[in-house]
Every structure is written in structure tokens, then in C-alpha cells.
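Asks: Chains as they are written, first to last, in the working numbering: chain A, 1 to 313; chain B, 1 to 498.
Some hints could be false.
In silico EDC-like pairs for lysine to aspartate or glutamate, Cα to Cα no more than 16 Å straight-line [unchecked claim]: (1) B/LYS229 with A/GLU311; (2) B/LYS231 with A/GLU97; (3) B/LYS97 with A/ASP58; (4) B/LYS29 with A/GLU93; (5) B/LYS229 with A/GLU97; (6) B/LYS29 with A/GLU94; (7) A/LYS83 with B/ASP33; (8) B/LYS229 with A/GLU93; (9) A/LYS27 with B/GLU461; (10) A/LYS152 with A/ASP290; (11) B/LYS238 with A/ASP58; (12) B/LYS231 with A/GLU311.
Ranges of calculated distance between the beta carbons of each label pair, as one might list FRET restraints [as the list claims (entries may be wrong)]: (13) B/PRO76 with A/LEU145: 57 to 63 Å; (14) A/ILE139 with B/THR354: 49 to 55 Å; (15) B/VAL119 with A/VAL52: 32 to 38 Å; (16) B/PRO336 with A/GLU94: 41 to 47 Å; (17) A/GLY127 with B/ALA221: 53 to 59 Å; (18) A/ARG177 with B/VAL416: 24 to 30 Å; (19) B/LEU27 with A/VAL38: 25 to 31 Å; (20) A/ASN302 with B/VAL416: 38 to 44 Å; (21) A/ILE272 with B/LEU59: 49 to 55 Å; (22) B/ALA221 with A/LEU141: 25 to 31 Å; (23) A/VAL41 with B/ILE206: 54 to 60 Å.
What the hints contain is simulated information worked out from the structure, not anything from laboratory work. Virtual Cβ for every residue (Gly too), placed ideally from N, Cα, C.
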Amino acid sequence: MSDDAPRLEGPLPPAALDDPHLQPYAKHPERAQAVAAVAMVVGFVGFIGFGVAYWVGDNPQWEAVTLGGGLLALGFGVTAWGKYLMPQGPFEEERHEFHSTEAEREAMTAAVTERGGMVLKRRRLLGGLFALGSTAMGIVLLFPLIRSLGPKPGTTLFETNWRKNSQLVTLDGRPVRVDDLAVGGVLTVFPKGHTGSSQDQVILIRLAQLGPLDPPLVIHPPGRTDWGVQGYVAYSKMCTHLGCPVGLYQEQTQQLVCPCHQSIFNVQSGCIPEFGPAPRPLPQLPLTADSAGNLRSQNGFNQAVGPGFWERP
Amino acid sequence: MIDETIDRSLRWLDDRLGIAKGGRTFLDKIFPDHWSFMLGEIALYSFVVLLATGVFLSLYYIPSAHEVVYHGSYVPLRGQRVSEAYSSSVSLSFDVKSGLLMRQAHHWAADIFLGSIAVHMARVFFTGAFRKPREFNWIVGVSMLILGIVNGFLGYSLPDDLVSGTGIRIAYSIIESIPLVGSYLGTFLFGGNYPGNGVIIPRFYILHVLIVPLLLIGLLAAHLGLLVKQKHTQFKGKGKTEHNVVGTPMFPTFIAKTTGFLFMTSAVIFLLGGLAQINPIWQFGQYEPYQISYAVQPDWYMGWLDGALRIMPSWEWVGWGHTIPLEVFLPAVIFPGLIFNIFIVWPFIESRHTKDLAYHNLLDRPRDRPLRTAAGVAMLTLLFMVFFASSTDVLANFFQVPLVGVLWFFRIAVIVAPVIAAVVAYKICNEMRAAEGIGKRKRPQIVTRSSTGEYSTTEAEPRPGDGVDELDAIPVPTYIDLVPPELATGAGVRRVMR
């Protein structure tokens, strides 16, 4: 039907059974029917199979093959029925522009502006007061919606449980001694009493030697030369990018790598970020060893650990 | 007999609901035949599977960070103290019959849901189906894409395994990066500084199973309702105009085909769910904030955000006693916000540019709109580049090249590649438009060699779609003479007028 043809009006004669629009798409409808029938039988068998697989249990592969196979076959069968055996037309329907007439549009605007104007423009005071009240309601309702959720951050983002003389312990609470790690070894440690804490996690590294007979190599940034002890250095394990644990220590290159977004920190020069998105060095924890040979912190961190935030100076 | 029963029931319903007129029109609704119209159906049907498998999972999953001792049938975990969320996720995989199939099917369905939305959206974009009067439906669709991504993230975070827990940690830090309010939003949402006081799993749960799905269902109803009201678009072709729709009717042809398609989409999801392992949480172990795994990638639809975070330079802004972590805020908040806003306003940008205020029910061929196609190709290239950038570590390992080199490649490629791709796409479109007869199916020529060695050429029989012998479209007939014409004698033939 062309663009300017008149719209259909009045009753249509019934279509004859041999109308070409009603004929199957398949050249050989019997064959198409046979294929669809076989597919549907396979589907039926598949679902019975799923029942058996479920009853036997413990085999997701068989469950998938039977259920998926059943769905696939039955779906194929009914699709083939629809596509090859049902009328394909082409049929058409008219598309009407659904916008209203100009008069209806005008009436709509008038209903809003004139009826609304009649009451609102005369009673500006009431309109204003209602707006004021509902705005206040909207704002105060945000309090329980948002403020009730949790505490203010306060100083928690700046704090860790590392204090002066905190004892370094492993995840299972065992104190860390100066001879615990071989050269090149790493260990995740916590302050005693706070094992497993996200904010307090520290990576303890015993730095490598250049050769088997050389003294342990420690290059500290200026001002922190006494922050390590016997080749041990300790850094916050929270990446300064997004807080992932910086868990990959590459001994050969003396780098700590964050597996999340591949920030690379140079262990030998105070864990400054060498590459990747991390903006700041990992904060260093100053270490000391007590007379019994246990590792302890000289002090807490001198800055907030982890990723950046607005209140961080 | 059955016909009389149907007639009686429909009359009973029509007396009360007045369904006859609208119902008939609905059964006559015409669906254009084109494979690309099935992409949205894949999204719809994978959503159906998501709801069904999700209801199953919700009967067994326990949204709680409370610590329990695992006693299930997965031996390596027995006796360990884990969260109830993790324990119940492992248990519903191994100790609930068909549980693993349902859990993996749910995960696959989510990946397919978002994949089909993305491809469907590309189809709608490149063919110009978003133009007047369908701008609303485009926006509804983009909103569903955003909600789908959000719900995917919430969902894969629920098992409390090592990989997803790392994702939650990253999400917290992203919230924290928002200037002024970030720290507050973070501690509000998590009930304290990370990892909070254990409320995040129940909160994610209620968002994942109730609030976001409710929004999605509402938007889906609007999407389909608008589709029926505004009717389908269609490609240009014989007898197809701006004022009609040509195709097959809802009942019975489309119903049969689409039911089959629902079954086949579910089939693929369940086959994947049982045969292709996805998210083996028992191998990752429970999340601990101090543990991490190598080569951790999020689900594919989060990849573009992860990639953007990876290739961003470390530009933290510090001044006046404050910090703005631009290296996080720009790629993880501003970048996706910008992309989604471009999506939403595109129909209005385009109509302002073309000054085209007409209704458009016939679809464009992408090559006929070189500028739009080039813009779309540039956007896709950008998104693919940041997507691939989310596997810098894997690529560096696989190709045995330095990680730093891979990263620099992507930093340059996200800027250069979209420009090159857009220029190439623009040129190709114009070349194709200039070439005559392109895109039309060529009738094969059959060359025959006779027994005497002579060659002759004949044209092959026309195939459907060749435009030969194609019937004119007619309105869907309501009444059909069920007596075969050779038996029709005039008397006894039903002649009821429409």
C-alpha cells in the first residue's frame, strides 16, 4: 500500500484458505512439520531427562544438558512451527499519529493555566506556604533516609591502631621476631590485638642483599634512615589508589605491585609510586626491636593510610 | 465446542473489562521481521531467567556478615569461620539440589542481559530508531542499562568472596573520592569506615533483590508499553512507509516464534550455567581485607570502569588543606557520568544538529548517516579501549611485554583510536553510499557446461527477500474461510463480514 492510499474502511471480506498470505513459508510443509515434531519430542525427552538428573542429583553438567537441551529443542520446534508453518503475510497495520488535535492541545493547556491560574494567582500566599511546607518536609525526610544510615567519619579515616611500641603480630596473633623472615621475605602483620583489621594491615619486608656476603641493602628516604631495623621495613599494605592490599612483592626489582590497578611502588626508596594510578607513597611504619628480639613500632603512622579523600590535608 | 467456550469466556470478560476491541488490536499487532529486532528480546528473556533463578537463590542465600563455622559438603572449607553470606553461597552451590546450576545460570544470565542490552542499544543507535517520537524510550532504555550494571555489581558482591569483596573495597574508595561529601557518604553507607559494621551486605541485598529490580520492572513495563503505543520501527522495503508497519501478527505467528526464542535463550543460559564454570567462589575463598588475588577482573560490564581507573595518571590534587583524588574521581565518577549523559541527551543533540522535527518510523541504514555512524563508532572504540585496558596485567603476561608499555599503549589508544575509527567509519559510509547497487542481494548466476562442452549462464531462482514475486501486504484477516476452496460450493460456506 502506497503512502497516499486511502485508509481501510468498512468490513473486509474473509480471507480464503488458499490466500497466498496465509500459506506456510516452507516449500515442503510436511518436512517442516516433521522437523518441528522431532524437535518437540527431543524437548520432551530432555525435560524427562532433567527430572531424572535432578532425582539422581549432584551432576550440574547433566542437569544443564537435559534442561538446556530440552529448552533448546522445544524452543526450536515451536519457532520452526511459527516461522515455517504459520502465515507469514506480509501483513500490515496502519500507523496513526498519536498526537491530539490542536483543539485538544489548547484545551489541555487552558485546563492547566486557566483553572490553575484562577486558584493559584489569586491565592499566592497559600501556594507559597504549601511550597514552603512541602520543601521543608522533603528536606527533613532526607535526615532519616541518609543520616540514619551510619556514623560520621569523624577522625576514623586518619586513625589506625598502631601506637608507640605496638607489637607486630601475624594474622594468627604470633609476635614477629627479628629472625622470623629470611632476606627477601614478606609478611602481613598487624598491631597486637587488631589482627585482620583492614585499616591496620602492614606489609613487613626483609630487604634483599646484593650478593650472599653483602650486608642487607636498605636505602631510606632522608629523615627516615632509622625507621627500619636489621633490614626490615614496614609499610601500610593499603594501596593509596583504591585501598586494595598491595600484595605482590617482586624481589628482583624491589617493587610492590598492587594487583587491582597495577600501581607499582619502589620499596628501596620509601615506596614512592613509580608507575600506575597511585598518587602517593605507601605510608611507612617506623620499626624497632625490643630487647627480647620482638619487632615493635616506634610510633604510629604519621599520616592517613589508604586512598585519598577530601578531608585529607 | 471449544470455540463456543472461548466465545462465552471472552464475552464474560468483555462485559466486565471491555477487552474485546483493544484485545483484538493487540492480537493483530504487527512485528516487522528483522533479525536485529531479536536483540532486545534476548535482553527481555534473560531478564525473565534472572528473575526466576534469582527467586530460587533468594530462598537459600543469607545476607549476613555474621561469622559462622562452615559445616557443608565442601571439604576444604569445613570447620573454618566464614561469614554467613559466604557460607550460604557455598552451601547453595553444593548442598542444594540444582543449586549450582541455578547460581551459575543466574550469573551467566546477568552477563548476557547486559551484553544484549549493549548490542540492542547499538542497533537502535546506528539505525536512528531513537528519533522522534521515541526519545523517551531511548532514555528508558539507557536507564535500564545503568540500573542493570548497578544491579550486576550489587549481585556479584553478595557472596562475600575474595574477588567481590575487593570490588566492594574499590567501590568504597570511589565513594570516598567524591569531593566534600565522599567520606560522609562512605561511612553512612557502610556504617563506619571501611569495612564498616557489617551492614553493607544486607543493604546490598535489599537493593539487589527488591529496589533495583522493582525499578527495572517498572522501566521495562514502560519500555514495552511505549513500544506498543508507538509501534515498531521498520527498515525500508517494499510497501513499507512512515504510515504503516509490515510484518507478521502478534497472534499466532509472532507468539510462536518469540516463545521459541524465550526457550532457546533460556537454553543457552542453562547450558552455560551447567557446563561453563563462572565465579567459582569456593576457589577464591572468603573475602579478607588484607588478602588479594592476582589477575582479578570484574564482570565484563564493569570492565570499562576498571580500565579507566587503570590507565588514569596519578593526578591527585592537594591544596588548601584538602585533597581531591582526581586519579579516582575523574575515571570512576565523572567519566561514566559523562558517558551516560551523552547517551541520554544524544537524540536531542542530533535533532538540534539536523533541525529535523519530523516523525521517523523508517530506520536509517548506518551508511546513510555518516556523521552519526562515525560518532557511534568513536564511542564504541573508546569503550572497547577502556574495556581492554582492564586487563593490562593479563595482556602483558600473555604477550610477554612490559606492563608499563601496555599501560602507555592504552593511555594513547583511548584518545587516538576513537578518532581514527571515526574517520575511517565516515569514509567507509561515504564510499558505500557512492557505490551503486551496494547492499542489494545479487542473484547468483548458474554456469552450466553441456555435454558438448558449451557453457551457458542462467540466473538462479529468486529467493525470499530478492524483492521479486513479493506479495503486497494486507491487513491481518480476522475471518478465514476454513473450507478448502475446491470444496466450496457457495452454500454452507461461512461468510461473516469483518
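Asks: Does each hint fit the structure? Answer for all of them.
Replies: Here is what the structure says about each hint:
| no. | hint | verdict |
| --- | --- | --- |
| 1 | B/LYS229 with A/GLU311 | violated, 52 Å |
| 2 | B/LYS231 with A/GLU97 | holds, 10 Å |
| 3 | B/LYS97 with A/ASP58 | holds, 7 Å |
| 4 | B/LYS29 with A/GLU93 | holds, 7 Å |
| 5 | B/LYS229 with A/GLU97 | holds, 10 Å |
| 6 | B/LYS29 with A/GLU94 | holds, 10 Å |
| 7 | A/LYS83 with B/ASP33 | holds, 10 Å |
| 8 | B/LYS229 with A/GLU93 | holds, 13 Å |
| 9 | A/LYS27 with B/GLU461 | holds, 14 Å |
| 10 | A/LYS152 with A/ASP290 | violated, 38 Å |
| 11 | B/LYS238 with A/ASP58 | violated, 55 Å |
| 12 | B/LYS231 with A/GLU311 | violated, 53 Å |
| 13 | B/PRO76 with A/LEU145: 57 to 63 Å | violated, 43 Å |
| 14 | A/ILE139 with B/THR354: 49 to 55 Å | violated, 42 Å |
| 15 | B/VAL119 with A/VAL52: 32 to 38 Å | holds, 37 Å |
| 16 | B/PRO336 with A/GLU94: 41 to 47 Å | holds, 42 Å |
| 17 | A/GLY127 with B/ALA221: 53 to 59 Å | violated, 34 Å |
| 18 | A/ARG177 with B/VAL416: 24 to 30 Å | violated, 54 Å |
| 19 | B/LEU27 with A/VAL38: 25 to 31 Å | holds, 30 Å |
| 20 | A/ASN302 with B/VAL416: 38 to 44 Å | holds, 42 Å |
| 21 | A/ILE272 with B/LEU59: 49 to 55 Å | holds, 51 Å |
| 22 | B/ALA221 with A/LEU141: 25 to 31 Å | holds, 27 Å |
| 23 | A/VAL41 with B/ILE206: 54 to 60 Å | violated, 45 Å |
In this structure, the hints that do not hold are numbers 1, 10, 11, 12, 13, 14, 17, 18, 23, in rising order.
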